[in-house]
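Peer 1: Below, each chain spelled out in residue letters.
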Amino acid sequence: MIYFLCLILFSIGLYCVLRKRNLIKIIIGLGIMEYAVNLFFILVGYRLEGRSPIFAKEKIILSMVDPIPQALVLTAIVIGLAVTALIVAIAIRIYERYGTFDITQIRKLKG
Amino acid sequence: MIELNLILIFMILAALVAVEIKDLLSSVVAVGAVGLGLSLAFLLLKAPDLAITQLVVEILCLIILIRATIKKDLPFSTSGRWLFNTISTLIFMAIFLFFAYFAIKDLPKMGEPLIKVSKFYLERGKDLTGATNLVSSVILDFRAYDTLGEATVLFTAVIGVLAVLRKVGKIH
Amino acid sequence: MLPLFVAIPLGTAFVISLVGKFYKRLSDLLANFGCFLLLILSFFTLSTLNHKPSTILVYKIGGWIPPFGICMVLDGLTSFMLITVNLVTFLVAIYSISYMEKYTDKWKFWTLFMLMLAGMNGVIITGDMFNLFVFLEISAISSYALVAFGTEAEELEASFKYAIMGSVASSFILLGVAILYSHTSTLNMADMANVLSEKSSDLLKFVSVLFLMGFGLKAALVPFHAWLPDAHPSAPASISAMLSGIFIKVLGIYALSRIVFNVFGLTPLISSIFITLGILSMILGGFLAFGQIDIKRLYAYSSISQIGYITLSLGLGTPQGVMAGLFHLFNHSLFKSLLFLNSGAIESVTQTRDLRRMGGLMQKAPLISYTNIIGAMSISGIPPLNGFFSKLLIVLACIQAKRLDLATAAILVSILTLIYYLKATGMAFFGTAKTQNSAKKISFSMNFSLVILSILCLIGGLILIPNVSDIFLKKAVNALLNGKNYANLVFEALK
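Chains L, X and P, in that order, give the protein sequences. Read left to right, the first sequence gives residues 0 to 110 (numbering that gives the first Met the number 0). Read left to right, the second sequence gives residues 0 to 171 (numbering that gives the first Met the number 0). Read left to right, the third sequence gives residues 0 to 494 (numbering that gives the first Met the number 0).
Only chain L is shown next, with the shape it has when bound in the complex:
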């Protein structure tokens, strides 16, 4: 059931990318999609009554959550940051050239 809520977050992000007219809103939608996918990954690796996969002295460890999705999501978060930074740089330059953030006005290429 929680997986389903996570996918609802994903589709909210997808709706924002597809339907909004402002460049910054589109970038925000993309960010929401990335958050949803990262959350989905970690939800998949969770074990009930587990603890984080870090050893500590003098404690008896019963079970730990899955460490692989955490490693993968660390990489995915950084990749998301890199993409967002590049796309925002492009958006800033577009504003300097076109004077607007409205995507329906940015239409020099046609056909």
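Source of the hints: derived by calculation from the structure; they are not laboratory data. Quick reminder that beta carbons are idealized off the backbone N, C-alpha and C, glycines included. There may be inaccurate statements among the hints.
[Claimed, not checked] Label pairs and their calculated CB-CB ranges:
id : chain 1 : residue 1 : chain 2 : residue 2 : range
1  : P       : Asn487    : L       : Phe3      : 36 to 46 Å
2  : X       : Ser87     : P       : Phe286    : 18 to 28 Å
3  : X       : Leu139    : P       : Thr317    : 42 to 52 Å
[Stated by the list, open to error] A few chain P residues that don't get close to chain X, going by computed Cβ distances all over 10 Å:
id : residue
4  : Leu3
5  : Leu25
6  : Phe35
7  : Ser271
8  : Leu392
9  : Asn477
Could you slot chains X and P onto chain L? The hints should help.
Peer 2: Same frame as chain L, but now just chains X and P:
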């Protein structure tokens, strides 16, 4: 796991606010709230490294986005086939969620994952690599190649931003 | 030897970014030298494969045995794609030495170029799903920056649309990898193939659709092609050649077919989806190319059409179909990059991309005209150039699979391709010159690449000779057709 459900519902509401609100600065702040909710969810799911990373990356993203939105305002006007396009997007999303629901039902139940490869890491990771934080052992030893790829992605994005933000592109 | 394919471009990129600003000629030299080394290494992989009995080579990174570590796999399809990618990249790199003098900050171009090459090589040789995603992102991000390299208004707009669509596709791919990980609890492709053949479920259909949407957008299959006609014309000509020639094939077709054939296994449902998308791309690309007056936009729509051919033929799933598809993939890289490099040369000479304003280039620039005509004849399928053989093989494969409707569609779209290429070459090269163009000479490096590529187009049909095709094409076809046997081969090679 009632707290997790509550945090997810908070994130969904904040995302709806970020998507629909008209002022750009407020929607960026709402995305910050979604990121904060995500960081709390990572803490609840017993992933402390991720919570720290998510907070730092969230702060950087907010700074970048706010730099882009200073002094720019949002005109909103509906024109033409707005209703048709919105309805068709909503139908597409509904179909996507419908099929996703059936696919999700086949996954292992929440909280009981199939741990096959990770069992090896959990049992022998500390002896083989000498790290007490098993996530670090995965990132820096077993799957160090992915970390090289991630560092390269950051490098690429930096060079890309330098290339896009330069003053003169073509020599005419 | 396998890690060198990623290590050399990465090392070159880092060194160029450090010293390129101060020593301009050094960055040119380093980048071309790196590409040349990679070309020699990729031919070397072919000979390595010939000597091993089991035709597969696995390299464990860090010494960890998969599935507990990442592995790189070298089989027939890998070496085929490596040769294609590195050959075209080497020729484009030589071309760019003089073409990119028009732009400022050439060292940034070379850095991003080598990073894109490192990403593509990484995608080809990897044997792990998440690693595929990471290297996909490396090359995708560098291509977003490269399309916007000129920072003119149109280029930024095209790059923005391309970047948003590409990132949405990457999110779909990551979601698919997450669902697969939850279902099988492993990330290694060979291990996943083993686990998936034991459990069968409906989950695979949803994940296949997610991967189709993600990789299909990178490959510009038809419902997801909207970024290509804007991005490819706006990029600098060498980047258009790279994008249209190898990028959409490696990141789209290769990754999709590796996952679908070797990890999931080709089911009739996926096969029919490939065939449908292929037919749609062929027809739609062909019709939309018809009315174009910008020469690079026409080439971009023609790319969509040819990718449809490749997808159609791969979707047939028969040995003849797969061989025809892979051969057309190789040929299309050659002649599409030739055509795009040519359009860059035309743009240097006439300062315009509008077909209505060109004319009479045959007298002023004969070398460009002849290479363009060779490229146009190849892509339309005129014998004895290589395009004819690959299109003939595709039609024969359709007939042998008893799908005569597909064969007729392929022939009709091929005739349509011939018509619009005739129109384009007629308008550009024959007739009287419309405007007073300054007859600038293009430099030796651009000429060199154009001539080499056209020679390769002329002799490309010779690959079908049984001796040559055994070592080059047949291994690739067998690697794909092995299907789930890929997993057994990988685990055999590990012992």
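Peer 1: Provide an ascending list of the numbers of those earlier hints which the structure does not satisfy.
Peer 2: none
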